[in-house]
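*Asks:* Please take these sequences and the hints and turn them into a complete structure.
From first to last, the protein sequence lines stand for chains P and H.
Count along the first sequence starting at 1, add 1063, and that's the number in the numbering used here.
Count along the second sequence starting at 1, add 34, and that's the number in the numbering used here.
Simulated from the structure, these hints should not be mistaken for lab results.
Because the structure is a prediction, the values reported are computed rather than measured.
Don't take each hint at face value.
[Unchecked claim] Derived coverage of chain H by chain P (criterion: at least 3 residues anywhere in the stretch with Cβ under 8 Å from a Cβ of chain P; other residues may be distant):
1. 80-90
2. 168-179
3. 192-199
[Unchecked claim] Just some of the chain P residues that point at chain H, by a computed CB distance under 8 Å:
4. S1168
5. E1184
6. S1185
7. G1199
8. P1213
9. S1216
10. Q1225
11. G1269
12. L1270
13. T1304
Even glycine gets a Cβ: it sits at the ideal position worked out from N, Cα and C.
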Amino acid sequence: MAETEGKPVGTAVRSYMELREELLRRDRSLRDKVVSLEEATSFVRDGDSVGIGGSTMSRTPMGMIWALIRAGRKRLTCSRSIVSSDGDLLFASAACDHMVTSWFSQGILWGVSKVMRHHVESGKARYDEWSHMAMGMRFRAGAMGLPFMPIRSMLGSDVRKQRPEAIEMACPFTGEKLLLVPALNPDVALIHVQRCDPYGNAQIDGLQFMDIDLAMAATKVILTTERIVSNDQIRRAPDQTKIPFFAVDAVVELPFGCAPHECYGVYEPMLRHMEDYVALVNDDPVKGMQQYMERYVYGPKSWSEFLALIGIEELLEAARAGESIYDA
Amino acid sequence: MLKKHNYTGAELLTILSARQLTDGQVVFAGVGIPLLAATLAQRLRCPGLTILFEGGVIGAFIEPGKLPPSTNDQRCTKRANMVLGSAEVLLLLQRGYVDVGFMGGAQVDQYGNLNSSFIGDPARPKTRLPGTGGGNDIASLAQMIVAMKHEKRRFVEHVDFITSPGYLHGGDTRRASGLLAGGTFRVVTDLAVFGFEPDKRRMQVLSLNPGVAREELQDNTGFALDFSPHLGVTEPPTDQELELLRELDPDRLYTG
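*Replies:* In structure tokens:
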């Protein structure tokens, strides 16, 4: 294992043969992988690199993140296409001290996250910035079993200067300058989907973001799902399956598993909860965050209890809006 | 200054930005004013305008009053022609399918470089900003229109950090860095509309917005301004533009 320092991602490309050996050791058989949310936390170890599915406030595996924080995971290096309040929670709980992403705030509606600012500006946590396409090509390289992908963005910018792990080269065919971005192969990927079967055949409706590459790049995948369906149902529409079962290690049925963020076609973001959250934590990123964590993360006995704190009215409203995407 | 008009600075900014677009273009839009401006252009004059979002959307058709809170929310997909992966839609920029990239910025400089990453020294930042998102990719790979509020602290000689490249240090420096295509085409603010002089690639005032004097514009800008020899005055927003814009953003999410 290369994780002697516990921080392989962003500092090096993982060895190809080591990645293959890890895959060989995985049980890739068609078997039932259903576990509870709490049991699923055992698939993540302190110091792991964790890829997070979805983007901004969409299909965020919020329930899984919530459970990892409650389980007391520490020193995680997380990567995601775009990070929202999930990053605030990960930093404030000290579950994660290193975020690799292209954009990190609560949402464009609310300006700059004071929680992100507090942790990054004080040096308590690190935020490595890549362009959005670079993040995609890093997961893509990881999914392809290649050490890097060449891209034409980031060149000439200070974003590139901050990232010595990306390397410029002259194209051997044309002589043009290209930037090589290193593969990202997280130890674990957390992905939330609308439905999957007990084996992990996962169907994603709507925006898929970088989740397919992320799933194929990672060494382990934990799926949370709005609903577990039968394998027969999956086999009736195999073209809808976006992640194959053999890439998946654990399946957790978790309705409203992205709350207070959205899940395409099922619910929109719970904006009143988000607005209250933002007002509280941007007013005082330390005390406000503590208050929020005590009430909403450490306080509830279960995910359902957390949902009850958001409130049935807001959940129903979000669900009505979510389903309305299919209205003519 | 704008108080004597029947529109807000943000409304003017959105309407002037929308006017920069032409029918048939493929436009990669950021959330907020860029999205609103592209939608306004689409409804008003450019039915064949195609809007792309980095969340993975081709041909978005936003519903009035249902503006998405980011470019990654389900509302972005309403009546779209296609949804696809985020990397796939960003790769369309690299392949060259996109006519115009359209975004906002926290800080811009005389060469059209944008900063949305750090205020102050990046090693010990005074403020850590959210970062590039797809901004760097859009600015690196497409002709770009920037829409932003005009303030002296936002219009600086050199940005603290180049998040999204304009013409870098002017002249041929953008191309020399390996960025072969694209570049900042227009900067639209609530005070004026800017282009870039073709040799030095320095910002140049193309037209002053209604009621704005040269001196006022210079006073609100952190570097010495060049004025186009054909300096014009921006046409004020029409009733039709204002009416439709207010229909699109009735809650004033982005135009308040």
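*Asks:* Now tell me, hint by hint, if it's right for this structure.
*Replies:* Hint-by-hint comparison with the structure:
1. Check on the region 80-90 of chain H: 3 of its residues sit with their Cβ under 8 Å from a Cβ of chain P, so the three-residue criterion for coverage holds.
2. Counting residues of the region 168-179 of chain H whose beta carbon lies closer than 8 Å to any beta carbon of chain P gives 6, which meets the minimum of three for the stated coverage.
3. Counting residues of the region 192-199 of chain H whose beta carbon lies closer than 8 Å to any beta carbon of chain P gives 5, which reaches the threshold of three, so the coverage claim holds.
4. Given hint, S1168(P) at the interface with chain H, holds; its Cβ is 4 Å from that chain's nearest Cβ, closer than 8 Å.
5. The restraint placing E1184(P) at the interface with chain H holds, with a minimum CB-CB distance near 5 Å, inside the 8 Å limit.
6. Taken as an interface hint, S1185(P) does not check out: its beta carbon lies about 10 Å from the nearest beta carbon of chain H, beyond 8 Å.
7. Against a cut-off of 8 Å between C-beta atoms, the interface hint on G1199(P) holds, since the closest Cβ of chain H lies about 3 Å away.
8. The closest approach between the C-beta of P1213(P) and any C-beta of chain H is roughly 10 Å, which is over the 8 Å cut-off, so the hint fails.
9. The beta carbon of S1216(P) comes within 4 Å of a beta carbon in chain H, closer than 8 Å, and the hint placing it at the interface holds.
10. With a least beta-carbon distance of about 7 Å to chain H, the hint placing Q1225(P) at the interface is held under the 8 Å criterion.
11. Taken as an interface hint, G1269(P) checks out: its beta carbon lies about 6 Å from the nearest beta carbon of chain H, inside 8 Å.
12. The criterion of a C-beta within 8 Å of any C-beta in chain H is met by L1270(P), whose closest approach is roughly 5 Å, and the hint holds.
13. Using the Cβ-Cβ criterion of 8 Å, the hint placing T1304(P) at the interface with chain H is not satisfied: the shortest such distance is roughly 15 Å.
In summary, the numbered hints that this structure violates are 6, 8, 13.
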